[in-house]
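Asks: Chain by chain, the residues run as shown.
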Amino acid sequence: MKVLVAVKRVVDYNVRIRVKSDGSGVDTDNVVMSMNPFDENGLEEALRMKQAGVATEIVAVTVGTEQSQDTLRSALAMGADRAILINAEEAPEPLGIAKLLSKVVEQEQPQVVILGKQAIDDDSNQTGQMLAALLNWPQGTFASKAEFEGDSVNLTRETDAGLETIKINLPAIITTDLRLNEPRLPKLPDIMKAKKKPIDMVEAASFGVDLTPRLEVVSVSAPEARKPGVIVANAAELIDKLKNEAGVL
Amino acid sequence: MSILVIAEHDNSALNANTLNTLNAAAKIGGDITLLVAGSDAQSVVDEAAAIASVSKVLSANDAALADGLAENIAWLVNGIAANYTHVLAPASNFGKNFLPRVAAMQDVMQVSDIVDVVSADTFVRPIYAGNALVTVKSSDSVKLITVRSTAFDAVEATGGSAAVEELAFGEAFEGVSFVSRDVTVSERPDLATAPIVVSGGRGVGSKEDFAIIEKLAEKMNAAVGASRAAVDAGYAPNDFQVGQTGKVVAPDIYFAIGISGAIQHQAGMRESKVIVAINKDEEAPIFQIATYGIVADLFDVVPELTELLS
Ligand SMILES: Cc1cc2nc3c(=O)[nH]c(=O)nc-3n(C[C@H](O)[C@H](O)[C@H](O)COP(=O)(O)OP(=O)(O)OC[C@H]3O[C@@H](n4cnc5c(N)ncnc54)[C@H](O)[C@@H]3O)c2cc1C
Ligand SMILES: Nc1ncnc2c1ncn2[C@@H]1O[C@H](COP(=O)(O)O)[C@@H](O)[C@H]1O
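Quick note, the sequences are listed as chains A and B, same order.
The numbering of the first sequence is UniProt numbering, which starts it at 1 and goes up by one.
The numbering of the second sequence is UniProt numbering, which starts it at 1 and goes up by one.
So here's chain A without its partners, still in its complex pose (with noise of 0.2 Å):
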């Protein structure tokens, strides 16, 4: 079967961003960007499936501008067989990246697409749901396990009170959470096969989706600041603290 893997181009975890002061938005210029980590566990998963026989091939797929070539190019060093670049310039929301996929299921046929529980940017936490709804497939959303038999997926989910397991037939859209796998890093010679895979670059536009965006953006600030706390010298002086100064004990 045909896996497609949804991935975005994000600013890297490890990054800690800055409002801009005009606040119109968050300062992406020069900071390190990678593959939202949620997204590489979701092409880890579909490797594996190839690895078991289980997929044949793996198509990944982002939207994004140019630049998220080299997302695809990291994806396809991981692995994949070939990448869909949906070019659009601003970045749509939620809804309209989830309509983008659609059509491209249409044209590929997946039997399964994976695509990361949030997005460490935005996280809205809503495409693949929105996607699944779309196309009316079932979804198994926070995948910590997914054990395909046949035609189905016996999928474990992270729930706020546990595990759930739950059985979805196929096709089905899986989200990924980070402890479904440990993904890969790709190494040297898979890096420069990767520059010679294909990836295919389409215009958001010729979709024929509407893409205007639902929510506006009125401001982006940063959180208040805590106040500053203060280093306390035993757990005596903590109890006293919190009984005296913060009275919270």
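Hints were generated in silico from the structure; no laboratory data involved.
Because the structure is a prediction, the values reported are computed rather than measured.
Hints may be right or wrong, so weigh each one.
What the hints assert, rightly or not - Below, simulated BS3-like cross-link-like pairs (lysine-lysine); rule was C-alpha separation at most 30 Å, straight line:
1. B:273 x A:241
2. A:241 x B:137
3. A:243 x B:137
4. B:219 x B:137
5. A:243 x B:273
6. A:241 x B:219
7. A:103 x B:219
What the hints assert, rightly or not - Partial selection, computed: residues in chain A whose CB lies under 10 Å from chain B:
8. 117
9. 156
10. 217
11. 242
Stated by the list, open to error - Footprint (simulated), chain A over chain B, 3 or more residues, beta carbon under 8 Å:
12. 58-64
13. 245-258
Cβ coordinates follow ideal geometry from the N, Cα and C atoms, glycine included.
Use these hints to put chain B with the ligands onto chain A, whose structure you have.
Replies: This is chain B with the ligands only, laid out in the frame that chain A set:
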């Protein structure tokens, strides 16, 4: 304004986050309907009807709604969403799972995880693990919103007597079925709502030693939390994880013990009233946001603290 709130529950009791979500609805202002979608969840329906700020309860009772499957709840909510100006759910794994599905069915862009209501169409939400707050204005005719419970106080759970109306469910979604649930049983209070949380990180070193975290928590009647590193290492179950991808908590006191304070961890606890950090590395980033810090070996300080609290 007419607002639909989707209740989270386990068919026997209402989850406290529903009361916080109702407060966000009250801030938007208008008539509030609470939907209880479940199976034999009469006790939840009774609880829902008793909430003062709720004017109507919709009760959908069907075996297909027993386990919170997103496909079925989304179908149900989609059928009635157009009757409301706003549809709200808690930004828990339950709400995050089904509401975006409804949003796509309604062709609406959901506003995720709001922490403030500016007006009926303008909301504040954290992005970049809480390192920025964005204020967004929605132009959609129905506004679909998930609500961060720690950012809104709970409404009164009693004092009301709302009318209850039955809502029929259609056909269950084909191609998804519930298999099993593995719920963490803990004698400690619920992490999401406890006034005191004691969290341990990788510094605790082993599952066995994590008992010293639990002992301190027990002494203070606190909930136990953990960093992702501690969960990954198997010291604590996944639902103990606090952070960007775990739970968001805002207790009166949060103890971060053997936790470095990565931004992804801070995202889940930085709104706590008082933060106590115990770490042997004085350079650990957690000290930058801690109200009180102790630079020491946790294996010295934590047992001493536990002892002194007796
Ligand atoms: C996409 C993404 C999402 C993430 N989401 C989360 C999340 O939701 N929650 C989360 O917590 N993390 C999350 N992380 C991981 C995060 O980046 C950190 O790796 C993690 O929080 C580190 O956990 P830790 O502080 O326990 O471990 P470490 O960073 O290893 O820190 C251990 C600390 O213990 C101290 N220590 C060691 N021994 C002792 C001792 N004997 N006494 C006192 N102190 C001691 C050390 O000085 C150190 O500061 C996420 C990461 C990514 C990439
Ligand atoms: N621009 C994009 N291109 C490709 N995939 C994306 C894009 N934005 C989001 N996704 C996918 O959707 C997931 C969830 O993103 P979000 O709903 O924005 O939190 C991500 O982990 C990706 O797998």
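Asks: Now, for every hint given, state plainly whether the structure supports it.
Replies: Structure-based check of all given hints:
no.: 1; hint: B:273 x A:241; in the structure: 14 Å, holds
no.: 2; hint: A:241 x B:137; in the structure: 43 Å, violated
no.: 3; hint: A:243 x B:137; in the structure: 43 Å, violated
no.: 4; hint: B:219 x B:137; in the structure: 46 Å, violated
no.: 5; hint: A:243 x B:273; in the structure: 14 Å, holds
no.: 6; hint: A:241 x B:219; in the structure: 18 Å, holds
no.: 7; hint: A:103 x B:219; in the structure: 56 Å, violated
no.: 8; hint: 117; in the structure: 7 Å, holds
no.: 9; hint: 156; in the structure: 8 Å, holds
no.: 10; hint: 217; in the structure: 6 Å, holds
no.: 11; hint: 242; in the structure: 7 Å, holds
no.: 12; hint: 58-64; in the structure: violated (count 0)
no.: 13; hint: 245-258; in the structure: holds (count 4)
Checked against the numbered hints above, the structure breaks hints 2, 3, 4, 7, 12 and satisfies the rest.
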